[in-house]
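Asks: Listed here are the chains, written in short residue letters.
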Amino acid sequence: MKEITLTVRSLQIEPVDVSDLKLDQLIENSANEIAKLSVRSAIYDFELGDLFDVDCRSIDHETPSLILRGDCKSIQRLGHQHCFGIIRVEGDIGDNCGTCMTGGKIMINGNAGDQLGGPSGARNIGMNGGIIAVSGSAGRFAGHRMRRGEIRIAGEAGDSLAAWQVAGTIFVGGTVGNHLAYGMRRGTVILGTPAQLPPSRFSLPVTLESPFEQILLGRAELKHDVPLLDRKKREHDLGENPWCVSRGDRTIGGIGEIWQPRI
Amino acid sequence: MIDEGAEHDNANHWIEHAPLRIDGVPIQATFAEAFDMKMTRLVLTAADRQWCHHAAAAMVGFGTSVIACGVEIAVERELSAKETPDGRPGVAILAFAVSGKELEKQIPRRAGQCVLTCPTTALYAGLEGDRNVYPNRVPLGKTLRYFGDGFQISKQVQHERADGHCETIRYWRVPVMDGEFVCQHDVGRTEAIGGGNFILLGRSMQSVSKACRAAIDAIKPMPGVITPFPGGATRSGSKVGSQYAALFASTNEAFCPSLRKMTNSELPAAASAVLEVVLDGANFEQISDAIRAGINAACESVGEAGLVGVTAGNYGGKLGRHHFHLDKIMTERPS
Numbered sequence: 001m002k003e004i005t006l007t008v009r010s011l012q013i014e015p016v017d018v019s020d021l022k023l024d025q026l027i028e029n030s031a032n033e034i035a036k037l038s039v040r041s042a043i044y045d046f047e048l049g050d051l052f053d054v055d056c057r058s059i060d061h062e063t064p065s066l067i068l069r070g071d072c073k074s075i076q077r078l079g080h081q082h083c084f085g086i087i088r089v090e091g092d093i094g095d096n097c098g099t100c101m102t103g104g105k106i107m108i109n110g111n112a113g114d115q116l117g118g119p120s121g122a123r124n125i126g127m128n129g130g131i132i133a134v135s136g137s138a139g140r141f142a143g144h145r146m147r148r149g150e151i152r153i154a155g156e157a158g159d160s161l162a163a164w165q166v167a168g169t170i171f172v173g174g175t176v177g178n179h180l181a182y183g184m185r186r187g188t189v190i191l192g193t194p195a196q197l198p199p200s201r202f203s204l205p206v207t208l209e210s211p212f213e214q215i216l217l218g219r220a221e222l223k224h225d226v227p228l229l230d231r232k233k234r235e236h237d238l239g240e241n242p243w244c245v246s247r248g249d250r251t252i253g254g255i256g257e258i259w260q261p262r263i
Numbered sequence: 001m002i003d004e005g006a007e008h009d010n011a012n013h014w015i016e017h018a019p020l021r022i023d024g025v026p027i028q029a030t031f032a033e034a035f036d037m038k039m040t041r042l043v044l045t046a047a048d049r050q051w052c053h054h055a056a057a058a059m060v061g062f063g064t065s066v067i068a069c070g071v072e073i074a075v076e077r078e079l080s081a082k083e084t085p086d087g088r089p090g091v092a093i094l095a096f097a098v099s100g101k102e103l104e105k106q107i108p109r110r111a112g113q114c115v116l117t118c119p120t121t122a123l124y125a126g127l128e129g130d131r132n133v134y135p136n137r138v139p140l141g142k143t144l145r146y147f148g149d150g151f152q153i154s155k156q157v158q159h160e161r162a163d164g165h166c167e168t169i170r171y172w173r174v175p176v177m178d179g180e181f182v183c184q185h186d187v188g189r190t191e192a193i194g195g196g197n198f199i200l201l202g203r204s205m206q207s208v209s210k211a212c213r214a215a216i217d218a219i220k221p222m223p224g225v226i227t228p229f230p231g232g233a234t235r236s237g238s239k240v241g242s243q244y245a246a247l248f249a250s251t252n253e254a255f256c257p258s259l260r261k262m263t264n265s266e267l268p269a270a271a272s273a274v275l276e277v278v279l280d281g282a283n284f285e286q287i288s289d290a291i292r293a294g295i296n297a298a299c300e301s302v303g304e305a306g307l308v309g310v311t312a313g314n315y316g317g318k319l320g321r322h323h324f325h326l327d328k329i330m331t332e333r334p335s
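The listed protein sequences derive, respectively, from chains D and L.
Following my numbering, the residues of the first sequence are numbered contiguously, the last one being 263.
Following my numbering, the residues of the second sequence are numbered contiguously, the last one being 335.
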């Protein structure tokens, strides 16, 4: 299968929308053809080759991958509607990464901007499958209107994490901002660092007693992506059943759940 | 009345002239006739081994024969905590039915009444593979979730296998009084074989029981095979049909010691008690291996002093397309 590497040429200040770059379509093209693809900013149209050095090579792996190297903070809407293969960013990524994605995996070895895995345009459904893993922190509205899949944030998450979440699972190792899970209907948010939940919106925490904890948190790849959620470490620190659960958002009749370490 | 002189001629003939003997026990050159069945495999776990055994016993109870139980079901083997999805002790259960529809009816019913009800238990698919691998599915949580009355939670979890392949599995979490009942959405079903068998002709009840237990002990650790009757064996080997129109199976009088003077008995003169081991398995090779292991163990345990011979049940080859020829199986090397 093909591995496409885009290396940032120079620091781009102007936000660039790369939502048209679809990995399943890119793998049909040569490096030259990819370099000639058009991407837009608010003011200019660019060719991808103006912003990145493009390299393509065959790899001995079943799934294709797209690798972005360098500071991509101005790159927006990467992985929009991503459905297949791996997108890996070696650096920070801008806003709206993984919007409306339905499958595959996006790995960010850095920080992510706002609206990670959120909806785009007038759509009312955000991420609908696949996995986003961020080794650093994420901005505001991560998992906004998320419906399916997993978002794994090793560091911190900004305000309005999991706002209007419909389903799916969000893991956060560090702290979270204000308005956590505002308007959450269903789905799961798992926090490595305890957060204060408003009792008007979420039920008081109760101890989680479920074998599902091991199924969800016992996966080796999750331990790698969010080390703070390591189950064994939690059990060592807090004993058996180290998690407690709150359900909400009760103001809209939601029955989503927030897991956090038992205090 | 049958002529007493001719009564045992056939039976005694193969006993005396059987070319194949194991520990002196003659093996009849006949075959066991088996049928196509549908099979699924389940993994049942619990917080401790005791609850796990209680749930498994209930789940596989009344699951000896498809004649009246709907499914033939038994524990395949115990699983260590490392072998189960939730890291708790468990068992693997194999279930066989004559049709996929029957399996799809029986399994959720048993899971709902026997596993969901048992403290701390959880139920998972034992056949690894999604719809691409096993397009036909037996519902588990798909049906049981409704017990949650709207409080149930569905979670799709992506699992990465050792071979790098990723599979998304859907679970249901149903709130119950000890926490949560966790259950996979469904499990695949596949083609299998039921009705493999061998018949132990004993010189006494005591000796045939001992031989039978040795056979079952030898079969027990073998993967992909179950012996669904109580203790792994049955005394009520059956023939097809009956003089009563309502029954489609009835006692196999040819092997009943008490009828040897009245019927065309297939019992040698020295046989006074007969037990049959019935096996269901995932495929022909696994059943063959189990038959071989079982017969070897039975013969070794009591020898010719305890067993008059070993034979197998068939219907002349007209009913089932899988024929396990004892002489071939016993002379082949294990697969």
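None of these hints come from the bench; they were simulated from the model.
Being a predicted model, the structure only gives us computed values, none of them experimental.
Any given hint might turn out to be false.
Chain D is faced by these chain L residues, among others (derived, beta-carbon under 7 Å) [stated by the list, open to error]:
hint	residue
1	Leu79
2	Glu83
3	Pro85
4	Asp86
5	Arg173
6	Gly179
Pairs of lysine-lysine residues, derived as DSS-like cross-links and limited to a Cα-Cα distance of at most 30 Å, are as follows [unchecked claim]:
hint	chain 1	residue 1	chain 2	residue 2
7	D	Lys233	L	Lys82
8	L	Lys155	D	Lys22
9	D	Lys232	L	Lys82
No residue lacks a Cβ here, since even glycine has one placed at the ideal position from N, Cα and C.
Asks: Hint validation: Asp86 (chain L) versus chain D, beta carbon distance must be below 7 Å. Holds or violated?
Replies: holds (4 Å)
Asks: Taking the least C-beta to C-beta distance, is Arg173 (chain L) closer than 7 Å to chain D?
Replies: With a minimum Cβ separation of about 5 Å from chain D (threshold 7 Å), the hint on Arg173 (chain L) holds.
Asks: Mind checking the CB of Glu83 (chain L) against every CB in chain D and telling me if the closest is under 7 Å?
Replies: This hint is violated: Glu83 (chain L) lies away from chain D, its Cβ roughly 13 Å from the closest one there, beyond 7 Å.
Asks: Regarding the pair Lys232 (chain D) and Lys82 (chain L), is the alpha-carbon distance no greater than 30 Å?
Replies: The hint holds at about 15 Å.
Asks: Using Cβ atoms only, decide whether Pro85 (chain L) comes closer than 7 Å to chain D, and label the hint accordingly.
Replies: Because about 6 Å separates Pro85 (chain L) from the closest Cβ in chain D, which is inside the 7 Å limit, the hint holds.
Asks: Can you confirm whether the C-alpha distance between Lys155 (chain L) and Lys22 (chain D) stays at or below 30 Å?
Replies: holds (27 Å)
Asks: For the hint on Gly179 (chain L), just tell me whether its beta-carbon gets within less than 7 Å of chain D.
Replies: Check passed: Cβ of Gly179 (chain L) comes within 3 Å of chain D, closer than 7 Å.
Asks: Below or equal to 30 Å on CA atoms is what counts here, so check Lys233 (chain D) against Lys82 (chain L).
Replies: holds (18 Å)
Asks: Taking 7 Å as the limit, does the beta-carbon of Leu79 (chain L) come near enough to a beta-carbon in chain D?
Replies: Violated, about 14 Å.
The structure is inconsistent with the numbered hints 1, 2, although it conforms to all the rest.
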